[in-house]
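S.K.: Sequence:
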Amino acid sequence: MEEIVFLDRATIPAQIRVRRPDFPHRWTEYDLTEPADRFERLKEATIVISNKAVLDADLLARLPKLKFIAIAATGTNNVDLAWCRTNRLPVSNVRGYATRSVPEHVIAMMFALRRNLMGYHHDIIRGVWQEKKQFCFFSHPIGDIGGSTLGIIGKGGLGEATANIGKALA
Numbered sequence: 001m002e003e004i005v006f007l008d009r010a011t012i013p014a015q016i017r018v019r020r021p022d023f024p025h026r027w028t029e030y031d032l033t034e035p036a037d038r039f040e041r042l043k044e045a046t047i048v049i050s051n052k053a054v055l056d057a058d059l060l061a062r063l064p065k066l067k068f069i070a071i072a073a074t075g076t077n078n079v080d081l082a083w084c085r086t087n088r089l090p091v092s093n094v095r096g097y098a099t100r101s102v103p104e105h106v107i108a109m110m111f112a113l114r115r116n117l118m119g120y121h122h123d124i125i126r127g128v129w130q131e132k133k134q135f136c137f138f139s140h141p142i143g144d145i146g147g148s149t150l151g152i153i154g155k156g157g158l159g160e161a162t163a164n165i166g167k168a169l170a
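Here the numbering used here is used: position 164 in the sequence shown is 164, and no number is missing along the way.
If you are wondering where the hints come from, they were derived from the structure by calculation, not from laboratory data.
Keep in mind that this is a model prediction, so the values were computed, not measured.
Ideal Cβ positions, reconstructed from N, Cα and C, are used throughout, including at glycine.
Watch out, some of these pointers could steer you wrong.
Said to hold, decoys possible - Below, in silico cross-link-like pairs of lysine-lysine (PhoX-like), each with a Cα-Cα straight-line distance of 20 Å or less: (1) K155 with K167; (2) K133 with K155; (3) K133 with K167.
Stated by the list, open to error - Cβ-Cβ distance ranges computed for the label pairs, FRET-style: (4) I125 with A10: 29 to 37 Å; (5) Q130 with E34: 44 to 52 Å; (6) S101 with S139: 25 to 33 Å; (7) V18 with D144: 35 to 43 Å; (8) Y30 with C136: 50 to 58 Å; (9) T76 with R20: 18 to 26 Å; (10) D58 with C136: 20 to 28 Å; (11) V54 with G127: 38 to 46 Å; (12) H122 with T149: 56 to 64 Å; (13) T149 with V102: 17 to 25 Å; (14) R88 with L169: 26 to 34 Å; (15) G143 with N164: 20 to 28 Å; (16) I124 with T74: 31 to 39 Å; (17) S139 with A10: 38 to 46 Å.
Take the sequences, apply the hints, and build the full model.
M.R.: Pasting the structure below:
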C-alpha cells in the first residue's frame, strides 16, 4: 500500500479539491511543514506531494522508500532535480494545475508591461498626475499589444492555454 504525504496542503486554496488516487493508499496531509519536520513526516512515505516545502538532496538521500514526488505547482525549484535524475526518482508537476490562472496572469503582465502600468501607478502615488496641466501625461513609454509578437517557450498545458488567449487578442 502506498503511503502518500502532502506536506503543505494549505498552499492550495481550500475550495480546490485535491483528487486522491484510485489505487490503495494511506493519505496524510499537513497544512504546512517546517524544514525541521520534513524527515519525520516523510520517513515512511512512498509518494510525497509538495508545493513550497523544499526537497533537497540531503533529505531525499534519507528517504529510501520514496518512489515518486508530485509537485503541486508549476515550478520545480523546490526539488533537487539533479539528485532525482541521478537516483531515478520520478518527479512530476500536478497535471492541469493553474491552467487558467497562470496563462491569464501572463497575459495580464504582458499588458501591464507594455503599458508601463507600474511606472504610472508610482507616478500617481507621488502626485505627478496632479501636477500636470493636461488630462494625460507621458512620463513612461507606452507600447501596444497589437502588432506585437508573443513568444511562448514550451508546449505544455500552460503554454498552450497562453497561446490560445494570445490568439484571441490577435
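S.K.: Could you work out which earlier hints the structure fails to respect and list their numbers in ascending sequence?
M.R.: 2, 3, 10, 12, 14
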